Every structure is written in structure tokens, then in C-alpha cells.
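Novice: Sequence:
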Amino acid sequence: MHDMQDVISRLNQSGKRLSKGHRRIAEYIAQHYDKAVFMTASRLGESVGVSESTVVRFAAAMGYEGYPQLQRALQELVSHRLTANQRFEMSNEMDPSAALGMVLKSDMLNLRTTMEQMDNRVFDDVVRRLLSAKAIYVMGLRSAAPLAQFMGYYLNYIFDDVHLVSSGATDVFEAISKLREDDVLIGISFPRYSSRTLEAMRFAKRCGAQVVAITDGPMSPLKDIADATLTAHTDMASFVDSLAAPLSVINAVLVALGLHRKEALSQHFRQLEAIWETYEVYLEENRQDDYKGGAQ
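Its first residue numbered 1, the sequence shown is counted upward by one per residue in this note's numbering.
Don't take each hint at face value.
If you anchor each label on the Cβ, the simulated ranges turn out as follows [said to hold, decoys possible]:
#1 Ser19 / Ala252: 41 to 47 Å
#2 Met102 / Glu46: 16 to 22 Å
#3 Arg142 / Gly49: 36 to 42 Å
#4 Met108 / Ser132: 20 to 26 Å
#5 Ala98 / Arg142: 23 to 29 Å
#6 Arg128 / Gly101: 39 to 45 Å
#7 Phe269 / Glu52: 52 to 58 Å
#8 Glu199 / Glu27: 27 to 33 Å
#9 Ala98 / Glu181: 27 to 33 Å
#10 Arg112 / Asp227: 25 to 31 Å
#11 Ala73 / Glu46: 46 to 52 Å
Treat the hints as calculated values from the structure; they're not laboratory data.
No experiment lies behind these values; they were computed from the predicted model shown.
C-beta: ideal position from N, C-alpha, C; glycine also.
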């Protein structure tokens, strides 16, 4: 399945061999996919007028192992199409007291799915590309900006020439204007994908630089541009993007890079610790006692 039209076509083509209840489910998904893909089996059955077990059997009839697998497949296909308001409406009927459990379970599922689907060969390839880069540019706009800032912060400990690109759209191309063949641009974007990030990745390719993408899956437009792609699941609980899995993947890249450069990095940290201590950058234990005493 390559896009939503493929899914709808599959639903429509199966209509003749489906039972009446299954056909009603297929028609509802085809017409209201923006709502249906985020419904539980029970909620979808209630909306269509069939039982939850009928919805589960429908998923099996469509070739999926169960309803959760069908739901995840549909979510991946339509996630980049949903507006912020549509995403917000998905959680309108949720009890606020259930938000904590629901979000944490969703993040855990994203982490588990990301780990199961990660290709270690691609991961190692990304690490090699970064180790051999002359300069590294890390780009993430809008909701991906915190991820780029986090990655850029720690890359600066490991490499000498790291550039963070997370400013406004008017500054993007100025920030990457010096890209060269020996450089690497890391583009980070998730649904709804940043058009500026895609444009910058294409620009980097024209400059002859290598491009690494960190995005949500094989359907992402970033994958078509990048030389290597790391995927992390970000299934949405609401209007808020789930960044647990992307951050974990970035952590893994940073740890792997640090292990490759451990001797130089260890020396660098010893120098930094002396500077931090001299200028009291961090709150030491004895100073914590002073602050506590002053607060009493």
C-alpha cells in the first residue's frame, strides 16, 4: 500500500466478497478515514452499528493480524494529511484523567515498534557517514526543532564543525549555503512534514553533500531524498507530537558516535570539567546546601 487511495481501493474491491457488516465498516473507513483511523475497535463498531468482534474479524478479513495492525497501517498513511484541529478532535472524547496512561502507553508502543523495525545496518551506515563528515548540519524546524537542538548540542562535544539549523524559514538557506561534498546534512521532520526541511535536503543533494533523514517511516517524503534514513514511530495521541522514539534514536546515534571517539571525548570532558568548576557552571553539592539554608 503506497497511499490512502490504495487503501480505499483495497477496501472498495473487497466489498463484493465481504459480509454486510464488514462492508459497512469498509465504507465508513473509506468515507471517514480521518476519524476512523484513530478509533478503537469498540468505538468504530459503535459508529458503524456493529459489534467490536465484527470489527476485529473485519481486520483479519483484510489480511491484518488484528485491528491494532490495521489501525497502525492507516495511521501511518494519513498522519501527514491531518490538520492540527483534526488531530485535536481525535482526543475530544477522552477523559482527561486517562491522558497520562494513554500517552505513556502510546510512547512505549512507539519505542517498541521502532526497536523491532530498526535496521542495524542502516544505523551503522549513518554513524559511519557522520564520523567521516567534514562538517555536520543538523536541521529541524517547528516541532522537530527541539530534537535538532538536542542532537546539535551533543554533537558539538564530539565534532569540531557542527551547525544547527532550526531558525525561521528565511534563514534556512543562508545557514546551509556553505554545504560541500564532504559535509552531511541531517534532516529531521515528522508529520506534518516541513516543506522547508525537504527543500533544504534537496539543496544539500545539489551541493553534493550527503543527506541523512530522521523521520517516521517508509512513507515519509524525506526518505526519497536521503542517502540514509533512520525511522522512529510517532503515532499521535492528539495534537501533540510523540517524540519519545525519535529522541531515543538520536540518543543511540550520539552514544555510538561517542564510543567511536571515546579517547578524544574523554580528554575533552576533562578540560570542560575544569572550566565548569572554575566558573561554577553547575550547582555543586556544597552550594546546594547553601541554597537550601537560604531558603529556610
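Novice: Please go over all the hints and tell whether each is borne out by the structure.
Specialist: Structure-based check of each hint:
no. : hint                        : verdict
1   : Ser19 / Ala252: 41 to 47 Å  : holds (46 Å)
2   : Met102 / Glu46: 16 to 22 Å  : holds (18 Å)
3   : Arg142 / Gly49: 36 to 42 Å  : holds (40 Å)
4   : Met108 / Ser132: 20 to 26 Å : violated (35 Å)
5   : Ala98 / Arg142: 23 to 29 Å  : holds (28 Å)
6   : Arg128 / Gly101: 39 to 45 Å : holds (40 Å)
7   : Phe269 / Glu52: 52 to 58 Å  : holds (55 Å)
8   : Glu199 / Glu27: 27 to 33 Å  : violated (39 Å)
9   : Ala98 / Glu181: 27 to 33 Å  : violated (52 Å)
10  : Arg112 / Asp227: 25 to 31 Å : holds (27 Å)
11  : Ala73 / Glu46: 46 to 52 Å   : violated (22 Å)
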